[in-house]
Amino acid sequence: MKSSVIVFPGSNCDRDIAVALEKFKIKNQMVWHNDANLPKSDLVVLPGGFSYGDYLRTGCIASKSRIIDEIINHTKKGGLLLGICNGFQILTETGLLPGILLRNKELKFISKNVFLKVTNLDNNFCHNYKKKNIIKLHIAHNEGNYFANNDLLKKLEDQNLIAFKYSDRNGNINDNTNPNGSSNNIAGILNSEKNILGMMPHPERMIEPLLSGEDGSLMFESLFNKK
Amino acid sequence: MKISAIVTLKKEVLDPQGKVVNQTLKNMGYKNISDVRQGKYFEIELDEKDPIKCKEIAEQICKKLLSNTVIENYKINIG
Amino acid sequence: MKISAIVTLKKEVLDPQGKVVNQTLKNMGYKNISDVRQGKYFEIELDEKDPIKCKEIAEQICKKLLSNTVIENYKINIG
Amino acid sequence: MNISNNLIESHGLKKDEYKKIVNLIGRKPNLLELGIFSAMWNEHCSYKSSKKFLKKLAVKNKNVIQGPGENAGVIDIGDDDAIVFKIESHNHPSFIEPYQGAATGVGGILRDIFTMGARPIATLNSLHFGSPEHPKTKNLLNGVVSGIGGYGNCIGIPNVGGEIKFNSSFNENILVNAMAVGLINKNKIFYSKAKGINKSVIYVGSKTGRDGIHGASMASAEFGENAEEKKPTVQVGDPFTEKLLLEACLELMKDDSIISIQDMGAAGLTSSSVEMASKGKIGIEIDLDKVPCREKKMTPYEMMLSESQERMLLIINNGKEKTAEKIFRKWNLDFSIIGKTTNTNNLVLNFKGSQVANLPLSSLSTDVPLYDRKWKKNTLPKKQKFLENLEKIKILDCLKKILSSPNNSEKKWVWQQYDHTVMGDTVQKPGGDSAVVRIHGKNKGVALTVDSSSHYCKAFPLYGGKQVVCEAWRNLISVGAKPIAITNCLNFGNPEKETVMGQFVECVDGISQACTYLDFPVVSGNVSFYNETNNKSIEPTPTIGGVGLINDLKNMISQNIKGTENYILVIGKTAGHLYQSELYREVIGFKNGPPPEINLFNEKNNGMVIQKLISKKIVKSVHDISSGGILVALTEMCLAGNIGVKIKTPNNNMTLHEYMFAEDQSRYLIEINEENHENVSKILKENSVHFDIIGKTQKEKIELSNNFSISLNDLKMLFSSWFYNYNKV
Ligand SMILES: Nc1ncnc2c1ncn2[C@@H]1O[C@H](COP(=O)(O)OP(=O)(O)O)[C@@H](O)[C@H]1O
Ligand SMILES: [Mg+2]
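Protein chains in written order, with the working numbering: chain A, 1 to 227; chain B, 1 to 79; chain C, 1 to 79; chain D, 1 to 729.
The reader is advised that the hints may include incorrect statements.
Said to hold, decoys possible - Distance condition first, Cα-Cα at most 30 Å in a straight line; then the derived DSS-like pairs of lysine-lysine:
{"hint": "1", "chain 1": "A", "residue 1": "LYS154", "chain 2": "A", "residue 2": "LYS76"}
{"hint": "2", "chain 1": "D", "residue 1": "LYS701", "chain 2": "A", "residue 2": "LYS112"}
{"hint": "3", "chain 1": "C", "residue 1": "LYS75", "chain 2": "B", "residue 2": "LYS26"}
{"hint": "4", "chain 1": "D", "residue 1": "LYS728", "chain 2": "C", "residue 2": "LYS63"}
{"hint": "5", "chain 1": "C", "residue 1": "LYS26", "chain 2": "B", "residue 2": "LYS19"}
{"hint": "6", "chain 1": "D", "residue 1": "LYS682", "chain 2": "D", "residue 2": "LYS482"}
{"hint": "7", "chain 1": "C", "residue 1": "LYS26", "chain 2": "D", "residue 2": "LYS330"}
{"hint": "8", "chain 1": "B", "residue 1": "LYS31", "chain 2": "C", "residue 2": "LYS31"}
{"hint": "9", "chain 1": "D", "residue 1": "LYS716", "chain 2": "D", "residue 2": "LYS648"}
{"hint": "10", "chain 1": "D", "residue 1": "LYS648", "chain 2": "A", "residue 2": "LYS136"}
{"hint": "11", "chain 1": "A", "residue 1": "LYS64", "chain 2": "D", "residue 2": "LYS326"}
{"hint": "12", "chain 1": "A", "residue 1": "LYS105", "chain 2": "D", "residue 2": "LYS136"}
{"hint": "13", "chain 1": "A", "residue 1": "LYS23", "chain 2": "D", "residue 2": "LYS20"}
{"hint": "14", "chain 1": "C", "residue 1": "LYS31", "chain 2": "B", "residue 2": "LYS11"}
{"hint": "15", "chain 1": "D", "residue 1": "LYS48", "chain 2": "D", "residue 2": "LYS279"}
{"hint": "16", "chain 1": "B", "residue 1": "LYS55", "chain 2": "C", "residue 2": "LYS64"}
{"hint": "17", "chain 1": "B", "residue 1": "LYS26", "chain 2": "C", "residue 2": "LYS40"}
{"hint": "18", "chain 1": "D", "residue 1": "LYS62", "chain 2": "D", "residue 2": "LYS612"}
{"hint": "19", "chain 1": "B", "residue 1": "LYS26", "chain 2": "B", "residue 2": "LYS40"}
{"hint": "20", "chain 1": "D", "residue 1": "LYS20", "chain 2": "D", "residue 2": "LYS279"}
{"hint": "21", "chain 1": "B", "residue 1": "LYS19", "chain 2": "B", "residue 2": "LYS75"}
{"hint": "22", "chain 1": "D", "residue 1": "LYS701", "chain 2": "D", "residue 2": "LYS56"}
{"hint": "23", "chain 1": "D", "residue 1": "LYS497", "chain 2": "D", "residue 2": "LYS55"}
{"hint": "24", "chain 1": "A", "residue 1": "LYS165", "chain 2": "A", "residue 2": "LYS194"}
{"hint": "25", "chain 1": "B", "residue 1": "LYS53", "chain 2": "B", "residue 2": "LYS64"}
{"hint": "26", "chain 1": "D", "residue 1": "LYS136", "chain 2": "C", "residue 2": "LYS75"}
{"hint": "27", "chain 1": "B", "residue 1": "LYS10", "chain 2": "C", "residue 2": "LYS2"}
{"hint": "28", "chain 1": "A", "residue 1": "LYS154", "chain 2": "A", "residue 2": "LYS27"}
{"hint": "29", "chain 1": "A", "residue 1": "LYS108", "chain 2": "B", "residue 2": "LYS11"}
{"hint": "30", "chain 1": "D", "residue 1": "LYS604", "chain 2": "D", "residue 2": "LYS411"}
{"hint": "31", "chain 1": "B", "residue 1": "LYS2", "chain 2": "C", "residue 2": "LYS63"}
{"hint": "32", "chain 1": "B", "residue 1": "LYS10", "chain 2": "C", "residue 2": "LYS75"}
{"hint": "33", "chain 1": "A", "residue 1": "LYS105", "chain 2": "C", "residue 2": "LYS26"}
{"hint": "34", "chain 1": "C", "residue 1": "LYS31", "chain 2": "C", "residue 2": "LYS64"}
{"hint": "35", "chain 1": "D", "residue 1": "LYS411", "chain 2": "D", "residue 2": "LYS28"}
{"hint": "36", "chain 1": "A", "residue 1": "LYS105", "chain 2": "D", "residue 2": "LYS728"}
{"hint": "37", "chain 1": "C", "residue 1": "LYS75", "chain 2": "B", "residue 2": "LYS11"}
{"hint": "38", "chain 1": "C", "residue 1": "LYS10", "chain 2": "B", "residue 2": "LYS64"}
No lab work stands behind these hints: they were computed from the structure.
Make the full structure from the sequences, and use the hints.
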């Protein structure tokens with residue numbers, strides 16, 4: 001399993017995700033956004049951070065990067081693409097995933113642990129969550145409020161393209177368990193082919209007990225044991 | 001030539017910033033405010049004298065960069 | 001009545017957002033753009049018909065809430 | 001241009017000082033030169049009122065690699081790892097423009113850290129606001145907190161701790177102190193001292209704009225009614241550019257291109273060039289036409305005094321210019337060779353083909369006037385007989401009142417706005433006694449804390465100064481760390497007043513006594529004077545940033561109660577000191593009397609014993625007892641662990657109020673299980689440490705026999721709601 005983490009100016013979770021991938025034996029390399037070529041990889045990761053300061057709209061300027069066309073090609077060939085936090089925002093700006101991430105409803109940055117229900121277990125990112133489908137991960141964002149209009153929401157629900165929803169520790173999903181105002185408590189979604197996942201929580205920050213949890217590990221194990 | 005653009009959220013998109021400004025103004029005693037929407041404003045200096053060309057460029061950059069037409073509208077002003 | 005306000009950073013003050021937008025437009029091939037400044041735009045619905053009163057209220061809220069005159073200027077439009 | 005008295009005064013220089021300038025350079029300065037003097041001779045840059053007293057601080061021991069005098073202090077933590085850290089104030093700008101003022105405060109202190117070659121690994125902050133009811137407070141609080149978050153979150157350095165207090169003495173002068181901590185290989189530290197003649201002087205980072213001109217002078221002038229008028233001197237920060245600058249600098253530092261490096265902080269290009277050259281005892285010549293400018297037609301005066309953010313000055317080895325340029329261009333930063341080092345010992349500035357300034361560097365550094373200001377001794381306030389009958393007020397009501405007060409309630413609202421887990425090494429999050437950040441890739445960590453107690457210092461500065469250092473020490477001990485060193489930010493009023501100077505002198509004395517005794521040296525810091533508006537000055541507020549080392553993270557410990565049926569012990573003697581306590585101040589509104597005294601022997605002894613118990617792994621949790629006393633500290637432990645306690649007060653000759661709420665110093669609470677009871681008692685006795693057994697942990701409730709019983713849920717509500725209610729729109 002080989003991965004590439006794309007580094008944009010202002011990415012700041014690039015090292016964290018690289019550490020996590022390597023911990024789970026995925027052979028990773030860092031790729032500078034301005035490179036014209038994407039090295040051969042099974043998985044491409046767009047890391048968290050503040051690409052271009054998140055100025056104008058989050059993820060917007062990174063979505064105009066040179067490497068993006070290569071990434072689109074990679075996914076067309078069935079390659080896996082994971083966008084975490086700012087990476088998710090870049091995915092919606094490029095149109096690789098539908099919808100958009102608006103400012104948190106309270107207009108404040110939120111950094112805290114949240115519970116999530118893994119709502120799609122049938123994909124290469126999440127299949128190991130069959131062992132445990134209510135998990136705890138950390139969120140840290142200012143614009144994590146996923147917005148989709150009713151038609152899109154219906155499509156996402158009907159086609160089972162929602163990967164994670166904000167919940168409580170028992171898996172209840174409602175307004176009280178929604179930290180940022182996301183439509184239908186959505187924390188992460190898949191494309192129709194299920195080879196692209198965008199998510200706001202940070203699995204790479206929960207990969208050992210010392211870091212207040214290990215629930216992120218299951219995602220990297222899923223990827224390593226790709227179906 | 002100077003051009004300017006205003007980018008606003010479409011009506012059906014929730015505007016949390018506007019909502020908070022609205023509430024804050026009410027708390028400050030401005031009771032007769034019924035709605036606030038917040039948007040972005042851009043002032044662009046172009047090395048181009050022809051207003052028609054300016055308008056064209058402005059349209060392009062609003063579409064391609066300054067707004068996300070999924071959720072936003074834009075309005076352009078020349079000069 | 002509808003009023004709108006544009007809040008912009010003062011000229012001497014750094015505008016990091018405008019700087020990045022400017023650079024991005026250049027990278028996208030718009031070579032003749034010499035400067036971009038980004039500001040905020042507010043659209044406010046007031047239950048008040050008298051334009052003079054509207055203007056007065058707009059002035060107040062721009063000063064008290066919408067801008068920090070330390071680093072920003074504002075411009076008001078009525079109607 | 002003629003230099004009028006008015007012009008001299010508006011540059012913050014006294015008549016005598018101007019005379020000294022004329023004397024030193026043997027002629028009248030021109031306007032640009034006057035501006036340079038005003039920047040270098042003001043309080044903020046010159047430490048002219050404080051230097052004499054700062055010399056008394058303990059600054060060395062075997063762990064100190066670099067003490068005060070550089071961009072930041074450096075301490076050795078073993079295996080070639082070293083920690084670089086410093087705290088700095090951004091008080092005045094944050095009052096004028098809270099978001100940008102606080103944001104640029106974070107940006108500035110981060111530059112001090114990575115200038116030395118360290119990768120920043122954490123930030124902390126200490127904030128003091130006016131009373132919550134004051135009309136400006138809410139806006140300032142929100143602006144400052146989002147500014148600190150806005151900068152730190154964007155650049156991607158975890159903000160792991162801090163403190164936040166409210167007190168009406170800060171109504172018109174808030175305090176925003178930011179601390180940053182970095183990790184470096186101890187053999188690869190970069191310093192600001194220039195070396196060698198004819199080396200290129202290089203400017204990198206953002207362009208220079210007209211922002212923040214006179215910022216340094218502003219920070220040294222007392223606020224008047226028209227503070228609002230001084231507005232345009234505030235700068236806007238760009239954390240995105242800072243992130244690029246950080247990565248570019250660290251990339252260039254991998255080889256030996258850089259001779260010396262200095263960030264452009266207060267007084268920008270002036271102070272950075274002067275400091276580098278004067279430390280190296282050489283000269284420097286700058287061609288101002290080469291300075292990257294944001295606006296057209298900027299004058300030499302503006303360029304030299306601008307405080308635009310995110311800029312650095314480098315002196316590099318001959319032939320390395322191209323390498324450096326390539327790296328900075330890759331990161332999309334401005335890069336310009338603006339001058340060279342010379343053997344003249346002068347600062348020479350050229351602009352459009354002519355020399356516009358020529359000043360001996362000594363006149364800007366070693367010859368800066370130093371003052372031995374008059375100061376007034378403080379007297380220890382009397383323990384006046386307290387008349388009110390405390391027995392009438394229920395213990396539980398006191399606890400509730402204290403827990404839900406702004407100063408003692410939970411600060412989650414604040415730290416959840418800061419990304420505290422980015423970089424993947426935050427092993428103890430905000431909310432505990434100290435944060436703990438792991439050394440990347442290793443099994444050791446550093447413990448970090450910031451502390452201040454302005455009302456103790458106000459009541460009696462000597463005790464107050466000692467107390468803050470001890471409090472930081474205790475916070476580090478409480479997570480299982482060995483305290484190593486501190487940084488300090490000394491926030492005071494106008495030093496030209498004898499009372500203020502008296503507070504300063506005696507606070508510094510207290511700090512000095514404590515850090516000497518505890519072998520807890522000061523390695524960096526900052527002094528902020530003139531925190532005063534309309535003649536009303538802030539309470540004296542030294543802020544201490546403490547750093548400790550946890551050699552094996554298995555020895556890390558936290559304050560949350562771990563299990564039921566465990567014993568709770570109070571370590572250290574409780575004497576019933578209630579003056580200046582939260583009980584008196586918050587519940588009763590009585591603010592007189594002396595602060596608690598510190599016995600340094602007990603402080604050290606108790607701390608060492610706690611360390612011993614932790615390393616023997618016979619304690620389950622530890623929490624130091626500070627503001628609010630035993631009952632508040634115990635409640636915090638229970639809430640953190642979601643486990644209750646049944647309290648039984650020991651027999652003594654105090655009232656229950658005295659025992660439960662006294663703020664006697666040098667005390668801790670520990671949780672131990674039954675089987676270690678004997679062993680722990682034995683160790684405590686052997687080391688002559690006083691202790692009381694005050695209860696046993698249990699499910700769900702906090703109970704005090706024959707007095708009260710309350711559920712953890714009810715307490716949690718009280719503890720956690722203040723900030724949310726206050727900030728509801
Ligand atoms: N209170 C203090 N205690 C110890 N050292 C101090 C104190 N205040 C300032 N210093 C030291 O004096 C030097 C100059 O400080 P400062 O002017 O604040 O630095 P900078 O130029 O980075 O703003 C630094 O090395 C700092 O650590
Ligand atoms: Mg410095």
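Against the structure, the hints:
no.	hint	in the structure
1	A:LYS154 to A:LYS76	holds (25 Å)
2	D:LYS701 to A:LYS112	holds (26 Å)
3	C:LYS75 to B:LYS26	holds (22 Å)
4	D:LYS728 to C:LYS63	holds (22 Å)
5	C:LYS26 to B:LYS19	violated (35 Å)
6	D:LYS682 to D:LYS482	holds (23 Å)
7	C:LYS26 to D:LYS330	holds (16 Å)
8	B:LYS31 to C:LYS31	violated (48 Å)
9	D:LYS716 to D:LYS648	holds (22 Å)
10	D:LYS648 to A:LYS136	violated (38 Å)
11	A:LYS64 to D:LYS326	holds (23 Å)
12	A:LYS105 to D:LYS136	holds (24 Å)
13	A:LYS23 to D:LYS20	violated (64 Å)
14	C:LYS31 to B:LYS11	violated (34 Å)
15	D:LYS48 to D:LYS279	holds (18 Å)
16	B:LYS55 to C:LYS64	violated (35 Å)
17	B:LYS26 to C:LYS40	holds (20 Å)
18	D:LYS62 to D:LYS612	holds (22 Å)
19	B:LYS26 to B:LYS40	holds (23 Å)
20	D:LYS20 to D:LYS279	holds (22 Å)
21	B:LYS19 to B:LYS75	holds (22 Å)
22	D:LYS701 to D:LYS56	violated (49 Å)
23	D:LYS497 to D:LYS55	holds (21 Å)
24	A:LYS165 to A:LYS194	holds (17 Å)
25	B:LYS53 to B:LYS64	holds (16 Å)
26	D:LYS136 to C:LYS75	holds (25 Å)
27	B:LYS10 to C:LYS2	holds (17 Å)
28	A:LYS154 to A:LYS27	violated (38 Å)
29	A:LYS108 to B:LYS11	holds (23 Å)
30	D:LYS604 to D:LYS411	holds (29 Å)
31	B:LYS2 to C:LYS63	holds (26 Å)
32	B:LYS10 to C:LYS75	holds (23 Å)
33	A:LYS105 to C:LYS26	violated (34 Å)
34	C:LYS31 to C:LYS64	violated (39 Å)
35	D:LYS411 to D:LYS28	violated (54 Å)
36	A:LYS105 to D:LYS728	holds (13 Å)
37	C:LYS75 to B:LYS11	holds (24 Å)
38	C:LYS10 to B:LYS64	holds (27 Å)
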